[in-house]
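Sequences are here, hints too, so could you generate the full structure?
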Amino acid sequence: MAQFWPTLKIKVTRLGANKMHYKKIIKIAMGLLLTVGVSSSLMAGSFSDIQQQKLKSARATWAESSIPSGMQSGALRATNERDSGAESVSIYIENVNFDVVENIGFYVEKLSATLEPKVAGQPVVFDDVESFIINVHSGTVVLSPQVITDLFNDHILDYWPRPLDDLTITTKDGYLTVEGGLKLWSWFPGIYLPAVLGGDIILSNDNKLVYEIDDVRVLGIPLYGLLSAIFIDLDLLLSIDREGAQLVDSVLVLDHRAVFPPPALAGNLASASLDSDGLRLVFADNESAQFNKPHVNSDSYLWMQSGDPRLFDIVVVNGGVQVVSDDTSKPLRFNLYDYRKQVAAGTLTMAMNGDIIATIPSADGPDYQASSRSGSPPMSNDPAPGCINRAGFNTCEEKVVKRAAPVKTRMLKKAEAVKTLTTEDRLSLKNVEAGTCFNRAGFTIACQ
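Take 18 as the starting number for the sequence shown in the numbering used here and just add one per residue.
Some hints here could point you the wrong way.
Calculated pairs, EDC-like style, for lysine to aspartate or glutamate (alpha carbon to alpha carbon, straight line, at most 20 Å) [said to hold, decoys possible]: (1) LYS225 x ASP258; (2) LYS189 x GLU229; (3) LYS225 x ASP272; (4) LYS189 x ASP232; (5) LYS200 x ASP266; (6) LYS347 x GLU111; (7) LYS347 x GLU126; (8) LYS200 x ASP250; (9) LYS189 x ASP167; (10) LYS310 x GLU111.
Keep in mind the hints are simulated off the structure, nothing from the lab.
Nothing here was measured: the structure is a model prediction, and the numbers come from that model.
If you want it as structure tokens, here you go:
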């Protein structure tokens with residue numbers, strides 16, 4: 018019995034000591050957990066603060082006006098998350114085949130423009146091409162002979178019966194030739210006769226393109242001189258009166274602001290010239306616009322720097338979108354009507370400032386590029402080897418003579434009639450006061 022108590026005492030003492038150690042361990046563990054929890058909370062708060070700071074900085078960047086200098090001088094509208102306040106989308110295009118629909122469009126050397134919604138405050142909706150206009154500020158575009166051919170066959174003359182059919186257009190320095198089928202008054206003689214028209218294109222005083230026809234051949238027979246001698250104008254034999262295209266006397270007047278498929282163009286032409294590349298149009302209304310350099314270094318791209326474009330169902334507020342080709346060996350070919358297919362087949366990336374870079378495949382079509390941005394060298398007016406037209410006639414006997422640029426003159430009175438009127442004066446006859454009489458040559462005469 019005496020031996021039992023010491024043993025029991027030792028066991029109880031050890032049990033108490035173990036219990037005290039266990040409590041200490043619990044306290045230490047709780048302290049560690051509390052420390053970890055507080056640290057985690059502090060770290061989470063710090064991380065959240067960093068995120069909020071970055072978001073605040075990003076929002077400030079997104080809200081900054083990115084309108085190119087020289088583009089919009091007026092004050093911005095009140096801004097919100099779906100409206101940058103910009104009047105339009107500022108766009109810069111370089112070395113791009115820009116198709117409006119199918120093959121009708123332009124080869125763009127360099128171009129600064131604004132896409133302007135017809136309803137102020139609305140985004141520029143790429144899926145509704147009639148809801149905005151393209152206001153060209155400056156730059157140069159080229160319509161290749163194939164584009165001009167398609168413009169006439171598939172758009173200007175896209176009605177029936179039509180006076181001209183299956184046209185093929187070629188260009189050289191200062192001259193445009195049209196070959197195709199012709200019906201007088203759109204029906205006679207029931208079949209299209211092989212015909213050739215030729216002439217230069219100049220700018221009128223009201224900034225329209227004027228195709229001055231100086232050569233008419235039907236079945237290989239030159240007729241222009243005969244028609245002029247007996248004062249018969251082409252508009253007595255042919256009728257072309259479509260939006261943006263009108264045959265007046267013996268000249269075809271084309272309004273670049275209305276002749277193309279929508280969206281409509283705006284902006285005045287500084288010059289128009291013909292060479293082997295096609296019809297070269299130069300715009301110079303506003304050459305002061307300065308765009309920022311886009312993210313991807315490329316020699317062929319579209320760059321929307323500011324404004325609110327709507328692509329698919331997404332509004333990109335305050336720009337910017339850069340479109341580049343996935344094949345850098347040739348110029349990008351962009352099709353406005355079919356942009357969804359191109360974007361869906363490409364890839365999208367986003368820069369830290371929110372700009373979108375779209376890398377897309379080129380649309381179907383020829384890989385056209387103007388051979389010279391300063392114009393092609395002069396070419397001979399000699400007919401091509403063979404000189405046989407589609408009717409089998411030899412047309413080499415009479416070489417086309419290049420006409421000098423017309424001299425701008427005022428409208429002549431009968432007493433001053435010493436030379437024929439220019440195209441400008443003949444067009445101005447349509448604005449003469451009612452009751453004025455003039456002869457077939459365009460001179461004012463006494464009314465009888």
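Tested hints:
Proposed proximity of LYS225 and ASP258 is supported: the alpha carbons are some 15 Å apart, at most 20 Å. The suggested pairing of LYS189 with GLU229 holds, with an alpha-carbon distance near 15 Å, which does not exceed 20 Å. As the CA atoms of LYS225 and ASP272 are separated by approximately 5 Å, the hinted pair is consistent with the 20 Å bound. Proposed proximity of LYS189 and ASP232 is supported: the alpha carbons are some 15 Å apart, at most 20 Å.
In summary, the hint linking LYS200 to ASP266 is supported, as the alpha carbons are separated by about 17 Å, within the 20 Å threshold. The hinted pair formed by LYS347 and GLU111 meets the criterion: a straight-line CA distance of about 12 Å does not exceed 20 Å. Pair hint LYS347 plus GLU126 holds up; C-alpha atoms about 13 Å apart against a cutoff of 20 Å. At most 20 Å may separate the alpha-carbon atoms for a hinted pair to count; LYS200 and ASP250 meet this at roughly 15 Å.
A distance of roughly 18 Å separates the Cα atoms of LYS189 and ASP167; the hinted pair therefore holds under the 20 Å criterion. With a CA separation close to 12 Å, the supplied pair LYS310 and GLU111 stays within the 20 Å bound.
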